[in-house]
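When you number the sequence shown by the working numbering, it's gap-free, plus one each residue, and the end is 941.
Keep in mind that the hints are not guaranteed to be accurate.
Derived BS3-like pairs (lysine-lysine); straight-line CA-CA distance at most 27 Å [stated by the list, open to error]: (1) Lys96 <-> Lys147; (2) Lys641 <-> Lys550; (3) Lys279 <-> Lys362; (4) Lys550 <-> Lys574; (5) Lys937 <-> Lys641.
Treat the hints as calculated values from the structure; they're not laboratory data.
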Amino acid sequence: MPFRPWIAGTVGLLVALAQPSLVATAARPPLVTAAAAPSAGATTAVTLDGRQGGRTFDGIGAISGGGGNSRLLIDYPEPERSRILDYLFKPGYGANLQLLKVEIGGDTNSTDGAEPSHQHTASDLNCNRGYEWWLMSEAKKRNPAIKLYGLAWGAPGWIGGGQFWSHDMVEYLMRWLGCARGHGLGIDYLGGWNERGYDQAWYQDLHSTLAARGYRTQVVGADSGWDVADAMAADPKFNAAVDIIGAHYPCEGGDGGSALSCSSTDVARANGKPLWASENGSLDLDAGAGALIRSITRGYLDARMTAYVNWPLLAAIYPGMPYDTVGLAVADQPWSGAFRLGKSLWTTAQITQFTKPGWSFVDSASGYLGGDRANGSYVSLRAPDASAYSVIAETTTATAAQTFDLTVADLPRTVAHVWTTDVSSAGARDNLVHVADVVPDSSGRLSVTLQPGRVYTISTTSGQGAGRAVSPPRSGLPLPYVDSFEQYRPGAEARLLADMQGSYETVRCAGRAGTCLRQMTPARPIVWQDDSDAFALLGDPQWKDYTVATDTYWDQPGTVELIGRAGKQSRPQSHQEGYFLRIDDRGSWSIVRSSIDATLTTLAAGRTVAPGIHRWHRVALEMSGTTLTAVLDGKRIGAVDDATYATGNAGIGVVGYQTDQFDNLRITASQPAPPPTSTTVSAPAQLRRGESGAVVATFTVPADAPGVQGLDLTPGSSVPGWTFAPTAAHFDRVAPGTSVTATWQATAPTLRDTPAQNPLAVAATYTQRSVPHWSSGAGAVVDVPIPAPTGTAYVSDLAFVSTTNGWGPVERDTSNGEQAAGDGLPITLNGTVYPKGLGVHANGSVVVYLGGACHRFTATTGVDDEVDPFGTVRFTVSGDGSTLADTPVLTNASAPYPLDVDVTGVQYLTLAVGDAGDSNAHDHADWADAKLECN
Numbered sequence: 007m008p009f010r011p012w013i014a015g016t017v018g019l020l021v022a023l024a025q026p027s028l029v030a031t032a033a034r035p036p037l038v039t040a041a042a043a044p045s046a047g048a049t050t051a052v053t054l055d056g057r058q059g060g061r062t063f064d065g066i067g068a069i070s071g072g073g074g075n076s077r078l079l080i081d082y083p084e085p086e087r088s089r090i091l092d093y094l095f096k097p098g099y100g101a102n103l104q105l106l107k108v109e110i111g112g113d114t115n116s117t118d119g120a121e122p123s124h125q126h127t128a129s130d131l132n133c134n135r136g137y138e139w140w141l142m143s144e145a146k147k148r149n150p151a152i153k154l155y156g157l158a159w160g161a162p163g164w165i166g167g168g169q170f171w172s173h174d175m176v177e178y179l180m181r182w183l184g185c186a187r188g189h190g191l192g193i194d195y196l197g198g199w200n201e202r203g204y205d206q207a208w209y210q211d212l213h214s215t216l217a218a219r220g221y222r223t224q225v226v227g228a229d230s231g232w233d234v235a236d237a238m239a240a241d242p243k244f245n246a247a248v249d250i251i252g253a254h255y256p257c258e259g260g261d262g263g264s265a266l267s268c269s270s271t272d273v274a275r276a277n278g279k280p281l282w283a284s285e286n287g288s289l290d291l292d293a294g295a296g297a298l299i300r301s302i303t304r305g306y307l308d309a310r311m312t313a314y315v316n317w318p319l320l321a322a323i324y325p326g327m328p329y330d331t332v333g334l335a336v337a338d339q340p341w342s343g344a345f346r347l348g349k350s351l352w353t354t355a356q357i358t359q360f361t362k363p364g365w366s367f368v369d370s371a372s373g374y375l376g377g378d379r380a381n382g383s384y385v386s387l388r389a390p391d392a393s394a395y396s397v398i399a400e401t402t403t404a405t406a407a408q409t410f411d412l413t414v415a416d417l418p419r420t421v422a423h424v425w426t427t428d429v430s431s432a433g434a435r436d437n438l439v440h441v442a443d444v445v446p447d448s449s450g451r452l453s454v455t456l457q458p459g460r461v462y463t464i465s466t467t468s469g470q471g472a473g474r475a476v477s478p479p480r481s482g483l484p485l486p487y488v489d490s491f492e493q494y495r496p497g498a499e500a501r502l503l504a505d506m507q508g509s510y511e512t513v514r515c516a517g518r519a520g521t522c523l524r525q526m527t528p529a530r531p532i533v534w535q536d537d538s539d540a541f542a543l544l545g546d547p548q549w550k551d552y553t554v555a556t557d558t559y560w561d562q563p564g565t566v567e568l569i570g571r572a573g574k575q576s577r578p579q580s581h582q583e584g585y586f587l588r589i590d591d592r593g594s595w596s597i598v599r600s601s602i603d604a605t606l607t608t609l610a611a612g613r614t615v616a617p618g619i620h621r622w623h624r625v626a627l628e629m630s631g632t633t634l635t636a637v638l639d640g641k642r643i644g645a646v647d648d649a650t651y652a653t654g655n656a657g658i659g660v661v662g663y664q665t666d667q668f669d670n671l672r673i674t675a676s677q678p679a680p681p682p683t684s685t686t687v688s689a690p691a692q693l694r695r696g697e698s699g700a701v702v703a704t705f706t707v708p709a710d711a712p713g714v715q716g717l718d719l720t721p722g723s724s725v726p727g728w729t730f731a732p733t734a735a736h737f738d739r740v741a742p743g744t745s746v747t748a749t750w751q752a753t754a755p756t757l758r759d760t761p762a763q764n765p766l767a768v769a770a771t772y773t774q775r776s777v778p779h780w781s782s783g784a785g786a787v788v789d790v791p792i793p794a795p796t797g798t799a800y801v802s803d804l805a806f807v808s809t810t811n812g813w814g815p816v817e818r819d820t821s822n823g824e825q826a827a828g829d830g831l832p833i834t835l836n837g838t839v840y841p842k843g844l845g846v847h848a849n850g851s852v853v854v855y856l857g858g859a860c861h862r863f864t865a866t867t868g869v870d871d872e873v874d875p876f877g878t879v880r881f882t883v884s885g886d887g888s889t890l891a892d893t894p895v896l897t898n899a900s901a902p903y904p905l906d907v908d909v910t911g912v913q914y915l916t917l918a919v920g921d922a923g924d925s926n927a928h929d930h931a932d933w934a935d936a937k938l939e940c941n
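Go ahead and model the full structure; you've got the sequences and the hints to work with.
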């Protein structure tokens with residue numbers, strides 16, 4: 007059972023308290039009589055005076071967009087879709103959001119997807135694209151008082167010749183506002199470019215254009231950091247062009263950070279304009295609830311922020327995408343209607359159901375419980391006419407119960423209602439529970455015992471409640487899945503198809519009757535985070551053996567792609583796991599494996615009959631077990647075996663931004679493939695550099711599989727410098743149930759930067775059932791020991807720039823008379839060669855193999871920093887993971903610091919540069935004239 011505090015008062019009868027499942031329409035808990043609150047570890051005494059005040063509260067909201075995170079919600083069936091919307095927006099039911107911030111679509115990925123532009127080209131305007139108009143209308147339908155806020159993450163490439171900060175972009179936003187008016191929506195707030203700084207002249211242009219067009223929309227600047235306030239203070243015209251100062255992620259401390267604090271700047275607070283956390287969040291819907299409430303209460307206490315906008319609204323995206331459990335709810339199964347509400351939703355409700363924008367914070371009645379951040383925090387707000395008040399207290403970092411004594415003055419001494427959410431509990435019965443009602447005593451005092459791990463609201467308002475609607479059970483999306491696209495209006499998105507980059511919309515088919523799907527983005531957008539192919543995903547992430555097939559129309563020369571077993575995606579969207587079948591208009595095809603680090607590996611490739619352009623063809627990717635098969639117009643043109651991915655979504659795409667079309671999408675369960683062939687590889691466990699050894703491969707055809715013809719076995723390694731003799735082995739035929747063996751002499755590289763571990767593999771190419779087939783043998787790993795240094799080995803070309811600013815390595819600057827560190831050669835760190843000069847990334851450490859052959863390491867360390875304020879750096883020497891020596895924290899004001907280290911018996915020496923506070927891009931940290939004395 008949830009905690010139910012005793013309430014101290016002088017009026018009433020002792021009776022049973024409310025049941026957790028009751029909503030606002032149920033009977034209230036009767037008044038409680040108690041002589042005093044039970045003893046608790048700490049006591050906070052607060053006087054809430056209705057004559058006192060503070061900054062004006064602007065509301066709590068969330069962001070739909072900045073990642074396509076609401077995409078699947080519109081595809082939910084009724085009544086589940088309305089139930090989710092009620093939980094987000096309906097007053098007295100759930101999150102009761104007071105602000106809704108939406109992305110102004112720009113055809114480019116903004117974290118978890120791309121949202122369509124209302125204007126793909128300069129001559130193309132369609133105010134019905136996307137789902138944000140629908141979502142804003144649904145929010146307004148439930149809560150007419152909700153405020154709307156628009157912000158762009160990217161934009162179509164035609165704008166400003168590819169320049170976001172242009173008048174073209176201002177006009178683009180005016181047309182978006184016009185679309186909003188056409189939907190009966192007034193946009194209250196408008197921003198610039200998400201997390202991309204600001205252009206002062208552009209903001210002035212935006213502000214004046216809004217006024218000239220009759221919009222009362224307020225401008226938020228700059229949806230990045232607090233530095234915009236400094237620029238506003240220095241430029242009165244820029245200051246006049248910005249109505250609200252909005253910063254992103256101004257709070258630190260993480261999901262469970264007991265030290266979570268928020269910050270603004272003195273300049274920002276002195277400006278006098280509202281300060282907003284215009285994006286905060288990125289937290290799991292349950293585990294992040296504590297940090298969410300701390301960001302809101304402490305956001306005001308620490309930084310005087312008056313609005314909090316959570317990113318995102320909900321995770322209506324496919325599992326495996328970045329942030330797939332982040333938001334107020336998860337809605338990732340539109341086919342089943344299943345959804346999950348988060349603790350963060352109910353934490354939000356503890357504020358939004360008890361306050362309204364326009365109320366005032368009461369500074370004198372807001373603070374930290376017991377004066378200690380670890381105990382928790384509280385804020386008090388009152389209505390403009392002092393007719394009501396609410397106190398929100400959080401104990402998410404507390405470890406013991408404590409007492410909250412509240413005395414009200416010049417405010418109603420009517421019944422106060424106590425509600426709580428237990429953020430430390432997984433139980434739904436602990437969400438927004440109405441636990442007690444109380445009338446203050448004759449002095450206006452009431453007392454509540456606060457248990458740890460909770461959010462409490464003490465309020466004189468009414469009408470609150472927790473909705474009762476429950477989710478249906480989760481289920482898989484059955485196959486076949488078929489979409490002819492005939493049921494959609496022009497300009498619509500296909501059901502369940504989520505754009506990752508570019509924009510896929512329904513149009514009249516080219517070259518045939520009916521409705522088709524077209525990639526609408528004709529050129530690279532002004533991207534927010536990364537560029538990639540224009541592709542879209544759909545379906546059940548648990549799909550395993552299936553065929554994705556579609557009619558395809560090459561509108562122009564280029565390459566189309568089908569996607570299978572698309573799994574995890576890390577940010578950005580080009581880091582997508584999965585298999586891609588690619589076919590261009592000239593007949594070149596390939597099956598490519600894409601990894602989470604954006605590495606593309608061609609598994610198979612060839613040529614077939616050229617599809618040409620302005621013609622329709624049927625393309626399919628079959629996946630059964632480990633066998634992946636490319637099909638064009640019903641003919642299997644190639645197959646490959648790869649066991650990397652077993653399940654995942656399907657998808658369509660183009661390589662680049664061709665405006666190709668797709669029709670009659672069909673995803674069906676695949677027929678079982680014959681058992682795959684196998685290739686095993688053996689090699690010597692160790693070869694010295696330049697030494698040769700035998701590599702043996704055995705290729706086997708299972709007894710119940712078709713025989714193969716024209717088998718070629720080719721050895722290789724991903725490490726440069728390996729040679730094999732002969733280069734390949736050929737076999738005319740291998741019958742079912744038989745094996746063949748080939749042997750090569752492999753010679754290890756002599757290259758300086760050859761790594762110690764060298765994978766070797768053997769590729770097999772052959773024909774099976776008249777289909778070209780590729781497979782790769784199980785690899786062997788050969789250890790190629792790094793030779794130990796002898797005599798005196800100089801490592802004087804090891805030089806670094808501070809790791810926090812991301813600039814690359816340089817040798818010591820000689821322009822101010824310092825001795826150069828190097829030999830004129832590129833810098834090699836951990837086997838990677840870096841050119842000298844700025845603009846490249848390097849590691850902050852390098853490992854040198856000693857093999858126990860050295861006994862002394864000496865170096866001169868220092869910092870070359872020509873610009874104030876100075877950066878700070880610390881150098882560390884480690885042997886086999888244990889610290890041998892380090893320097894004090896150095897700046898360029900420090901004298902060069904010598905190191906003299908005994909390295910006797912050390913196998914691996916690690917030289918590391920640790921940045922203790924870099925201040926600018928010109929801080930160069932150097933190991934100068936370093937050397938090893940070896941046997």
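Check: Can you give the numbers of the hints that this structure goes against, from lowest to highest?
Finding: As far as the earlier hints go, only 5 is violated by this structure.
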